[in-house]
Amino acid sequence: MRHHAPVVASAIVAAFGFGGSLRAEEPAMGKDLAATIALQGMPCDKVVSATRNGDSDYTATCKNGNRYHVFVDSSGRVVVKKL
Amino acid sequence: MRHMAMSAISAFLLLVGCAHEKPVAPRPAATPAAPQKAGGAQQPETAAAHAPAAAAQPSPAPADTERAPSAAVPSSRAGTGGSAAATGAAGATGSGSAKTKVPGRSESTSSAAPRPAAPSGAVPGTAAGGSAARPAPSPAPALDLPSLEQRLRDTRAIGVFTKLSLKNQVDDLLGEFRAFHRRQAAVTVAELRQKYDLLLLKVLSLLQDGDPPLAAAVSSSREAIWEMLIDPQKFEKLARN
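Chains A and B, in that order, give the protein sequences.
Numbers 1 to 83, taken from the working numbering, label the letters of the first sequence in order.
Numbers 1 to 241, taken from the working numbering, label the letters of the second sequence in order.
Derived from the structure by calculation, the hints contain no laboratory data.
Be a bit skeptical, because a hint or two may be false.
Unchecked claim - Derived DSBU-like pairs: lysine-lysine, alpha-carbon spacing no greater than 35 angstroms straight-line:
(1) A:63 with B:234
(2) B:163 with B:195
(3) B:202 with A:81
To be verified - Quick list of simulated restraints, FRET-style, between CB atoms:
(4) A:77 with B:188: 20 to 30 angstroms
(5) B:188 with A:52: 34 to 44 angstroms
(6) B:190 with A:77: 33 to 43 angstroms
(7) B:230 with A:63: 37 to 47 angstroms
What the hints assert, rightly or not - Examples of chain B residues toward chain A, derived with CB under 7 angstroms:
(8) 147
(9) 161
(10) 164
Using N, Cα and C, we set each Cβ at its ideal position, and we do this for glycine too.
Given the sequences, and given the hints that come with them, work out the whole structure.
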């Protein structure tokens, strides 16, 4: 049973830590997403929450209420789509 | 009793002396602080344009804030350099603030400090008032593009998504330059310059808080990079690499 404890713990961490919105890397990722959105010429003063949909694929919600889908397309371009 | 009275009087006199000295000391420091903030946005432009080499230096001791524009500005200038450079009308105001600053301070500083870092944008303003002859500023440093590129890759001031997005935009602009040189596009040099400036501003605004030295380096390389891009032969060489 003791053997399985770390595995279970890491599974729980994985389930809660990486599944939903950003937690640990929030400030850096939020800034990155905000800068990316701004670079595409779209308004976003600050990202208040971001959800990771997959590799290089996020849904960001800005302080002004705007939501954006930020992802890297197959040709390696960063795409920002307003939702 | 008399002894106590004497000591009380001397302590009082000392206190009064201190109280009189206090307002005198901070006043010069307080007044230049405001102009410097106001001029801070403008000075970078002149500094970035005229003294790029100094921009990369770390800011010296902040003790002499009034005199600091010559040396201490680089760190703050690093960030705002690009944005101020875009406005372009900073020179006049920058020298104006220097003029207002200097009269109060020039005498004391000239005797105390022997001008540690002369090559700055603020000094010409003082030179106009004092000595007229001054050697021309040092020429722009040689552009080390690979090093700059590597520093941009390594910096933590810009996130991964942002870097990728910037790279996309750089590639787009390079494509436009390529088309321009091959005469395949109807874009003018002025339009290219505008796009180049805008892109550089974006980079500078991203770097200015997180990596001021790199922002200064990018800002000081602005013209050198432009010359490389607009010259067909240099551009071809760059594209090959």
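Here is what the structure says about each hint:
1. At roughly 45 angstroms between alpha-carbon atoms, residue 63 of chain A and residue 234 of chain B are farther apart than 35 angstroms, so this suggested pair is violated.
2. Restraint check: the Cα-Cα separation between residue 163 of chain B and residue 195 of chain B comes to about 18 angstroms, which is no more than 35 angstroms; the hinted pair holds.
3. Our distance criterion of 35 angstroms between C-alpha atoms is met by residue 202 of chain B and residue 81 of chain A, whose separation comes to about 20 angstroms.
4. For residue 77 of chain A paired with residue 188 of chain B, a C-beta distance near 26 angstroms keeps the hint of 20 to 30 angstroms intact.
5. For the pair residue 188 of chain B and residue 52 of chain A, the supplied restraint of 34 to 44 angstroms holds, since their beta-carbon distance comes to about 43 angstroms.
6. As the Cβ distance of residue 190 of chain B to residue 77 of chain A is approximately 27 angstroms, the hint placing it in 33 to 43 angstroms is violated.
7. A hinted range of 37 to 47 angstroms for the beta carbons of residue 230 of chain B and residue 63 of chain A is consistent with their spacing of about 40 angstroms.
8. The interface hint given for residue 147 of chain B is violated, since its Cβ lies 24 angstroms from the closest Cβ of chain A, which is over the 7 angstroms cut-off.
9. Here the hint on residue 161 of chain B is kept, as its CB sits about 4 angstroms from the closest CB of chain A, short of 7 angstroms.
10. For residue 164 of chain B, the interface hint holds, the least distance from its beta-carbon to any beta-carbon of chain A being 5 angstroms, beneath 7 angstroms.
Of the hints listed earlier, those the structure fails to meet are numbers 1, 6 and 8, in rising order.
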